[in-house]
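Colleague: Residue numbers (the numbering used here), protein chains in the order written: chain A, 1 to 126; chain B, 1 to 195.
Think of the hints as simulated: they come from the structure by calculation, not from any bench. Every residue, glycine too, gets a C-beta built ideally from N, C-alpha and C. Fair warning: there could be bad hints in the mix.
Ranges of calculated distance between the beta carbons of each label pair, as one might list FRET restraints [stated by the list, open to error]:
#	chain 1	residue 1	chain 2	residue 2	range
1	A	Arg17	B	Pro74	34 to 40 Å
2	B	Arg137	A	Gln60	29 to 35 Å
3	B	Thr119	A	Pro98	50 to 56 Å
4	B	Lys66	A	Arg94	51 to 57 Å
5	B	Thr183	A	Ala78	16 to 22 Å
6	B	Leu11	A	Asp44	22 to 28 Å
7	B	Gln94	A	Ala78	35 to 41 Å
8	B	Leu11	A	Leu117	43 to 49 Å
9	A	Gly100	B	Pro71	17 to 23 Å
Listed next, the in silico BS3-like pairs over lysine-lysine satisfying Cα-Cα at most 25 Å (straight line) [said to hold, decoys possible]:
#	chain 1	residue 1	chain 2	residue 2
10	B	Lys166	A	Lys85
11	A	Lys70	B	Lys185
12	A	Lys85	A	Lys70
13	A	Lys111	B	Lys195
14	A	Lys31	A	Lys118
15	A	Lys110	B	Lys166
16	B	Lys72	A	Lys13
17	B	Lys6	A	Lys47
18	B	Lys110	A	Lys13
19	B	Lys195	A	Lys110
20	B	Lys110	B	Lys185
21	B	Lys6	A	Lys31
22	A	Lys31	B	Lys110
23	A	Lys13	B	Lys6
24	A	Lys70	B	Lys6
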Amino acid sequence: MGVHRVELQMNPKFLTRDGINDTSDFHRLVKILPVRHIFFAELDEGKVRQHLRYAGHSAQEVGRIMERVKEHEGDLYAQCSVLRKRGRLINVRRALAPLGTNNLVVRALKKWSKQWLKTQQRLEGR
Amino acid sequence: MTSAHKMRRVLEVLDRRLGLSWERAQLVDAKGTAMCRVRLDRLVVTASGISEDLICCLPGFRRAKKHFLRPKHPKHFLSYGRLTTFETTTSIRQMIVLSDRRMRRLAHCKVTLIARDETGLEPRDVLSVRGLLPDARIVLVELAFDFGFSSGVTGAYVRRHALFGKSRPCNVASLRGYDSWGTRKGPKFVRSYNK
């Protein structure tokens, strides 16, 4: 097919928590999935430094933590983990800058959910 | 061996292990594909009953298999005792019906709809099956986000930039061309691979 596929398998725990019991609830996934469950971002170095300073680290310590973060370049989970453990940051997401791919995801999800809504409405109209 | 040589060697090994250039080459071959498309890949529904004869009456549906299930080991527990497989000419590639429940607390039957890769499950096909299932309740939804070449999304990009809520990396950068986050039994399981 020549595409890169990201597959999201939502199990019963997820579906009951968010109240998706029928196909008529699919349109709600447009609000549920982006950002909360699928999010493309990169670390914003300026924001990271700022939050590390807010957390009470000295300039030297901030430099050391940033070195550790750079060691994990290419793995966002590992970078966030360093910031949580070494940097004592509670909400690492504040230091992330969202990427344009998120807009692609939202647009594609909207298009997909619209298909379901239209078909359902057409069937109910009959 | 100088450090530059060592670095090059490490990159070569990484490339071979994770299939980075292979991924890029695969995506270059498909330049005309859409940036991002969402498809419903799999849907599992439980219901309080099913009429298999009525399903056979749906246009394009054909019963392919029907048999009892046997545990492979005497200690294994089977939740359902009977399996029926339907093949269709619609966007549903395969429909698997598990019936004859072995525990009272289970639903009477469990229906799995598996999509064709090119189309995904289309609403009218799913709703035509859904109409034949009384008290249907969705228990599993699998959504596929297909990123085309023009979006610039590859396995490396996903590893580098994607966060999937609280799901933790499971098989990341350990298998060639395949990464996963979360667990199969948890609330959410995410896979990333080239198709």
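Colleague: Now tell me if each hint is right for this structure.
Modeller: Going down the list of hints, with the structure as the test:
no. : hint                           : result
1   : A/Arg17 - B/Pro74: 34 to 40 Å  : holds (37 Å)
2   : B/Arg137 - A/Gln60: 29 to 35 Å : violated (57 Å)
3   : B/Thr119 - A/Pro98: 50 to 56 Å : violated (31 Å)
4   : B/Lys66 - A/Arg94: 51 to 57 Å  : holds (56 Å)
5   : B/Thr183 - A/Ala78: 16 to 22 Å : holds (19 Å)
6   : B/Leu11 - A/Asp44: 22 to 28 Å  : holds (27 Å)
7   : B/Gln94 - A/Ala78: 35 to 41 Å  : holds (39 Å)
8   : B/Leu11 - A/Leu117: 43 to 49 Å : holds (48 Å)
9   : A/Gly100 - B/Pro71: 17 to 23 Å : violated (51 Å)
10  : B/Lys166 - A/Lys85             : holds (16 Å)
11  : A/Lys70 - B/Lys185             : violated (33 Å)
12  : A/Lys85 - A/Lys70              : holds (15 Å)
13  : A/Lys111 - B/Lys195            : holds (21 Å)
14  : A/Lys31 - A/Lys118             : holds (18 Å)
15  : A/Lys110 - B/Lys166            : holds (24 Å)
16  : B/Lys72 - A/Lys13              : violated (28 Å)
17  : B/Lys6 - A/Lys47               : violated (34 Å)
18  : B/Lys110 - A/Lys13             : holds (17 Å)
19  : B/Lys195 - A/Lys110            : holds (23 Å)
20  : B/Lys110 - B/Lys185            : holds (17 Å)
21  : B/Lys6 - A/Lys31               : violated (47 Å)
22  : A/Lys31 - B/Lys110             : violated (28 Å)
23  : A/Lys13 - B/Lys6               : violated (47 Å)
24  : A/Lys70 - B/Lys6               : holds (20 Å)
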